[in-house]
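Trainee: Spelled out, the chains give:
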Amino acid sequence: MKYLLMIYQNPATWQAMPESEKKAFMSQAGAIVDELIASGEWVGGEGLADPSTAASVRVRDGVPAVTDGPFAEAKEQVVGYCIVDCESRDRAIEIAIRWPDARRWGMEVRPILSPDGVEM
Amino acid sequence: MRTDAGTERLLRDLAPQVLGAVVRRYGHFDAAEDAVQEALLAAATQWPAQGVPDRPRGWLITVASRRLTDQLRSDEARRRREAAAVMAEPAGPTTVMPDDERASGQDDTLTLLFLCCHPELTPASQLALTLRAVGGLTTGEIARAFLVPESTMAQRISRAKQRIAAAGARFTAPPAGEWAGRLRVVLHVLYLMFNEGYAATSGGETSRPELTAEAIRLTRAVHRLLPDDGEVAGLLALMLLTEARRPARCEPGGALVPLAEQDRARWDRKQIDEGLALVTGALTTAPLGPYQVQGAIAAVHAEAATAAETDWPQILALYNLLERITPSPVVTLNRAVAVAMVHGPGAALDLLAALEADDRMAGHHRLAAVRAHCHELGGDRDAAAAEYRAAARTATSLPERRYLEARAARLARTGGPARAAGTAGITGAAGSP
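Order-wise, the sequence lines are chains A and B.
Counting from 0, one number per residue, gives the positions in the first sequence under numbering that gives the first Met the number 0.
Counting from 0, one number per residue, gives the positions in the second sequence under numbering that gives the first Met the number 0.
I should point out that these hints are in silico values taken from the structure, not numbers from a laboratory.
We put the beta carbon where it would ideally sit given N, CA and C, even for glycine.
Heads up, some of the hints might be wrong.
Claimed, not checked - One side of the interface only, derived from the structure: several residues of chain A facing chain B at Cβ under 8 angstroms:
no., residue
1, Met0
2, Glu118
3, Met119
As the list claims (entries may be wrong) - Listed next, with one range per pair, are the computed distances between beta-carbon atoms:
no., chain 1, residue 1, chain 2, residue 2, range
4, B, Arg80, A, Gln14, 48 to 54 angstroms
5, B, Ala41, A, Gln27, 43 to 49 angstroms
6, A, Gly68, B, Gln70, 51 to 57 angstroms
7, B, Arg8, A, Arg109, 53 to 59 angstroms
8, B, Ala41, A, Arg109, 42 to 48 angstroms
Stated by the list, open to error - Covered by chain A, per the in silico footprint, the following chain B stretches (three or more residues, Cβ under 8 angstroms):
no., stretch
9, 52 to 65
10, 244 to 258
Produce the entire structure from the sequences given, and follow the hints as far as they go.
Mentor: Next comes the structure, spelled out in structure tokens:
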């Protein structure tokens, strides 16, 4: 079953972090990705550019309103995501627990809806 | 390149026999499996244009053996270069052995299944490796079936092969003492393969290979090898009787149709007849097992000309039996559906209340769905709608969520007494132990 792991950060805190700490974060995350690739659980994932580069789009009565910045103003923003295909929800949570950002900010684990289903 | 259906069927049938012959001769399951895939690919591109050779099996064994020995030799050469050792290459071309192992070809299929369904592997890996090494599917096809990138599936398969090698597994049948337990694992993998395929058929993606057909083909092969095993026959019957419903299980738009509302005229009569014969034969001659009982339950549904004519007391008796053989919350959930039909929704809701305490089932959308169904049967529309909505929120399948939402909306919209909703098969494609 596939899960989306959303990586949350406070971009301001991240920027203020010493370079060595940033490097440690990235190498820890990189090591987990390598493990997930090797185990055949890795489906994909990317890091995102700063939330200030986002455009939020709403269309009301056919009129588009495009504003700069993320959809919801909050200190913590999605800065990246991974998609994993793993045995159970517990396994997806276990991966999130090990992700370095979870220690500082947070991770959100969401099941991805399957297009498959069985009649009842 | 597209291969015509006849060639493809031939290649898929030969795949495990060829792999078995090559592994028995050279060992190196991991490399041999790659070599056989290459040979199959070569055949798929050459045979349609140049014609099928007189001895296709021998042709494939020869080509795969040559690839394998080339590979092993180049691995060896690399090791030597790396060691900077000055040694002569083994000389001469590989001797091609004659196609002398036809008789053992069939047995190899079972040995291969035992190897691919090695208990050291996760079910996902067992499934992927079985489809490739026994089913002859390409990694790309398997990846499409499971909706993951090809690189993910390639990694999963290669890790599985490494694990098998690390576990020291040999290409031999398991010892007599482990045989029955290992066969159970094989049957479970075939069962998972079928369920995966059956669930996928509502997804509407036509490019996905049909895992139900593959599961039935492989289970048939096992049944040919072990005709007296009641569980193999029971599993094959269960698959056929479930697959028979496929033409009726979805609306053209892909919406799921519950068993009770399916147009039974569209069920596949031929598959039903075969499934009924298999299950009847197994029940009368072999020791009882969970697949036979599930096959028998599917048979009772198949025999009812209309949903109203379903022999629910018989189904309840079979679920009682199944729960005794293989107790699990999923079986209890299914039994609750039968209890509702025989003893009324109140008795079923009592049974479900006990399940809520079970961690494996609490918060599962099917538990809420069965509760909803019971409330609907009992005429409590508000409670039913609330439970359907709760079930929809926890469902992780899009078609199932849509079905549950539609059910809730229908209750909110219409007046009058609630009618019987869909019932059996509620916990899985082929029922589920």
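Trainee: Hint by hint, note whether the structure agrees.
Mentor: Against the structure, the hints come out as follows:
Annotation: A:Met0 was flagged as interfacial toward chain B, and the flag holds, the nearest CB pair being 7 angstroms apart, inside 8 angstroms. Taking 8 angstroms as the C-beta cut-off, the interface hint given for A:Glu118 holds, the closest approach to chain B being about 4 angstroms. Taking 8 angstroms as the C-beta cut-off, the interface hint given for A:Met119 holds, the closest approach to chain B being about 5 angstroms. For the hinted restraint 48 to 54 angstroms between B:Arg80 and A:Gln14, the CB-CB distance of approximately 49 angstroms keeps it satisfied.
Between B:Ala41 and A:Gln27 the Cβ separation comes to about 44 angstroms, which falls inside the hinted range of 43 to 49 angstroms. A:Gly68 and B:Gln70 have their C-beta atoms about 55 angstroms apart, which keeps the hinted 51 to 57 angstroms range intact. At roughly 41 angstroms, the beta carbons of B:Arg8 and A:Arg109 sit outside the given window of 53 to 59 angstroms. Evaluation of the 42 to 48 angstroms hint for B:Ala41 and A:Arg109 yields a pass: the beta carbon distance comes to about 44 angstroms.
Remark: the stretch 52 to 65 of chain B is not confirmed as covered by chain A, as 0 of its residues place a Cβ nearer than 8 angstroms to a Cβ of that chain, below the required three. For the stretch 244 to 258 of chain B, the proposed coverage by chain A is satisfied: 7 residues have a C-beta within less than 8 angstroms of a C-beta in that chain, meeting the threshold of three.
Figure legend: structure checked against the earlier numbered hints; hints not met, in rising order: 7, 9.
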